[in-house]
Amino acid sequence: MKIITASDLRTGDVVWWTGDGWSRHVNDAVEAGEHAEAVIARENAKQIVTDTQVIEATRTDEGVRPAHIKDRIRALGPTVRLDLSLKPADPAAGNWVI
Amino acid sequence: MVEQNLRYRADEPVADPAVTVDAFADQSNATAVRIEPGDDARLLLPHLDRIALVEVNFPAYTDGRGYSAARILREHGYAGELRAVGDVLLDQLSHMRRCGFDSFAPNQPISSEAAEQAFGTWPEVYQKTVDGRPAIWAKRHPA
Amino acid sequence: MYQYDQYDRSMVDARVAEFRGQVERRLAGDLTEDQFKPLRLKNGLYLQLHAYMLRVAIPYGTLNSRQMRLLGDIADKYDRGYGHFTTRQNIQYNWIKLSDAPNILAELATVEMHAIQTSGNCIRNTTSDQFAGAAADELTDPRPYAELLRQWSTFHPEFDYLPRKFKIAIIASETDRAAMRLHDIGIQLVKNDAGEIGCKFHAGGGMGRTPMIAPVIAEFVPALQMISYLEACLRVYNRYGRRDNKYKARIKILVHEIGAAEYRRQVEEEFAHILTLGLEPPAEELERIKGFFEQPGFEVGASDELDLSDPDFALWVDQNVHAHKQPGYAIVNISLKPTGGIPGDATADQIRLMADLARDHSFDELRVTHAQNIVLPHVKKADLYGIWQKLDEAGLAAANLDLIGDIIACPGLDYCALANARSIPLAQKISNRFADLGRQRDLGELKLKISGCINACGHHHAGHIGILGVDKKGVENYQLSLGGCEGADTSLGQITGPGFSEDGVVDAVEKATDVYLAHRAEGERFVDTYRRIGMAPFKEAIYAKEPAHG
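Listed in order, the protein sequences are those of chains L, E and B.
The C-terminal residue of the first sequence carries number 1532 in the working numbering, and the numbering is unbroken.
The C-terminal residue of the second sequence carries number 166 in the working numbering, and the numbering is unbroken.
The C-terminal residue of the third sequence carries number 552 in the working numbering, and the numbering is unbroken.
What the hints contain is simulated information worked out from the structure, not anything from laboratory work.
Fair warning: this is a prediction, and the values are worked out from it, not measured in the lab.
Please note that a few of the clues may not be correct.
[Stated by the list, open to error] Cross-link-like lysine-lysine pairs, in silico, DSBU-like; alpha carbons within 30 Å at most:
(1) B:Lys327 - B:Lys169
(2) B:Lys474 - L:Lys1521
(3) B:Lys99 - B:Lys250
(4) B:Lys202 - E:Lys151
(5) B:Lys250 - L:Lys1480
(6) B:Lys169 - L:Lys1436
(7) L:Lys1436 - B:Lys39
(8) B:Lys39 - L:Lys1480
(9) L:Lys1436 - B:Lys202
[Said to hold, decoys possible] Derived list of chain B stretches under chain E, where covered just means 3 residues or more per stretch with a C-beta under 8 Å from a C-beta of chain E:
(10) 151-161
(11) 231-241
[Said to hold, decoys possible] Across the chosen pairs, the derived CB separations fall in these ranges:
(12) E:Asp49 - L:Glu1490: 35 to 41 Å
(13) B:Asp15 - E:Pro82: 30 to 36 Å
(14) B:Pro500 - L:Glu1490: 24 to 30 Å
Note that the Cβ used here is the ideal one computed from N, Cα and C, for glycine as well.
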């Protein structure tokens, strides 16, 4: 599948397109579909997000998995500071990015 | 396209079209010349007394060769109009002025009010260039 | 230390105001991201993998305690309680909000700090010797010259859009602690036969994709012509450096392509012209600046005696404390490389503790080193034990300076948008593998450096052991190199062969150290043995087929 990701313009937080807004959780990401470019143009114009891009991902039993390790690390947080990641309670969370 | 030229000179603008540096060498009556980023401004030095306008083109504002071209011309005594043309943005005006540009023909129009504000970005300057502003070190140690 | 006057202050204040306006224009939609990006980069603000990152300049790596304390406070107030000291003697914050950035710059300005030109294709923060003003072997203190460079390079109107970034290092000792010849321009202050101070200029060094060691381009430029000579060097580069390919745009490629002799000829021609323009600050300005760097009021007759009965303290003194030019004093190196830690990271509390120690015991001064450690430059030997105890309590007493545990690593793919592989987890694994300090000390000086991409922020080319992370079809892979070195005997590392997985490269490093231990002659460092015996024995051991374990 293709999904849309961006950074929150004000905070820099990683966000994912949910079909009607932006979520910090990659599992909320939806198939970008044919209208990805229109979504990106419209959302960029709102000055809410920046650095918007379409990336490859797959849907697995555990949720949405970006194809590239860089995007998986973006989805989780720094693997060397899991306390600051989106899964602070899971000491094995870093294995997901590999 | 809006034809806009910010100009900070008292004399009359030159009407002649600017020729390339290559063509200039062969045209002894040309008074206006256009420098592209890869051109050597030094080729003009023997002819400065007959040039009234030098346009320095910035195809992309990130290409800073034109700043050196401008300073070289001014350092060798060129007193005619020195115009920055092309991808010239508000945030570069102040540095361009410091390098000797005294007119600007940006692709995207810049209001004269915004330009005035941009020229005032730096209350002081650390370097002596060709714009006559005293460097901070000169103010610290008046002769 | 240098202190701003009203002129310096007005420049930094003007920058804060300018950037506040630019951020407002961006948030209001008056600037697109494409227009805004180069403006925020000029203020050290990057958009990284998880958030904005702010890189704050620490001019020539020198700080006072107020500045250091504020760096800790900013980590708490605007970030997540820590900062990362970099290989360019700066500090980076990883979790900055765009809307906070102007306020952070305003707070920095209150202690004479800024983020000016910490990114972009301009002249970056000048780096220097972290032992400046304290080292026994220095000719003169290089910092007044570095400060002259800071002022000259700040908002230089001609050189704000160079072909590529431009890094200058200046030192004044034969022992090069700043990797000077791996900079775009490296200056060594020297004396001529008449006893006058001048600059030996090197140009065209660098790491990155095409590492090169800078050749000498001028043996002696009088100190009071340093700025004019630099103007000439930069002008030739600005005009003729390549702009068609960003990977060939650094000055090292220009110097390499036209040759050092031709580059020198062009610079000399330009220099002769520039000398006629009167661009050089007068001697009085250098003297004024030198006045800020006078020797601190050392206690005369301070004792050189040390009670080394505490064995852990004795180890730390032996490894991390360096000789000072003043009897009774010492230079303290605080390693930011605890076993299994993140190289260069320090918490807000640790930063403030180091600030307090500097205020109370080091004439208010700290330095940041390019090896991502902190220095207290002027410590009375009698204070060492008390300082060590406080550092130890705070997890800052790793006694591993210049040992294999003192790893340089860039942030890598855990944080950096440019990285291809993670650097920090690998550094942690190697650090844990060699956790035993006795083993580290037995291996002796061994500089291990890790970069997560070819940009080489982790200086892997200059590592006795260097590791470069690459992306191999979406999987992290690590290339090993041996024999790099910085300093007076600068050399570039050679790749051993095919790359490794993360665990594989840790094993390979260990095998390389085993080869060294088996072959070393008396007094040889790892890199010396490598130079003597060559790559073959290392390669053989590293790539030997594993015998089946019983």
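Right, here's what the structure says about each hint:
1. B:Lys327 - B:Lys169: holds, 29 Å
2. B:Lys474 - L:Lys1521: holds, 27 Å
3. B:Lys99 - B:Lys250: violated, 34 Å
4. B:Lys202 - E:Lys151: Status holds; Cα separation ~24 Å.
5. B:Lys250 - L:Lys1480: Distance ~38 Å between lysine 250 of chain B and lysine 1480 of chain L Cα, so the pair is violated.
6. B:Lys169 - L:Lys1436: violated, 41 Å
7. L:Lys1436 - B:Lys39: holds, 26 Å
8. B:Lys39 - L:Lys1480: Holds, at about 17 Å.
9. L:Lys1436 - B:Lys202: violated, 56 Å
10. 151-161: Holds, because 8 residues of the segment 151-161 of chain B bring their Cβ atoms closer than 8 Å to Cβ atoms of chain E.
11. 231-241: holds (count 3)
12. E:Asp49 - L:Glu1490: 35 to 41 Å: Given a distance of about 57 Å, which is not inside 35 to 41 Å, the answer is violated.
13. B:Asp15 - E:Pro82: 30 to 36 Å: Because 34 Å falls inside the window, the suggested range holds.
14. B:Pro500 - L:Glu1490: 24 to 30 Å: Roughly 28 Å apart at Cβ, these two residues keep to the hinted range, so it holds.
Consistency note: the structure conflicts with the earlier hints numbered 3, 5, 6, 9 and 12.
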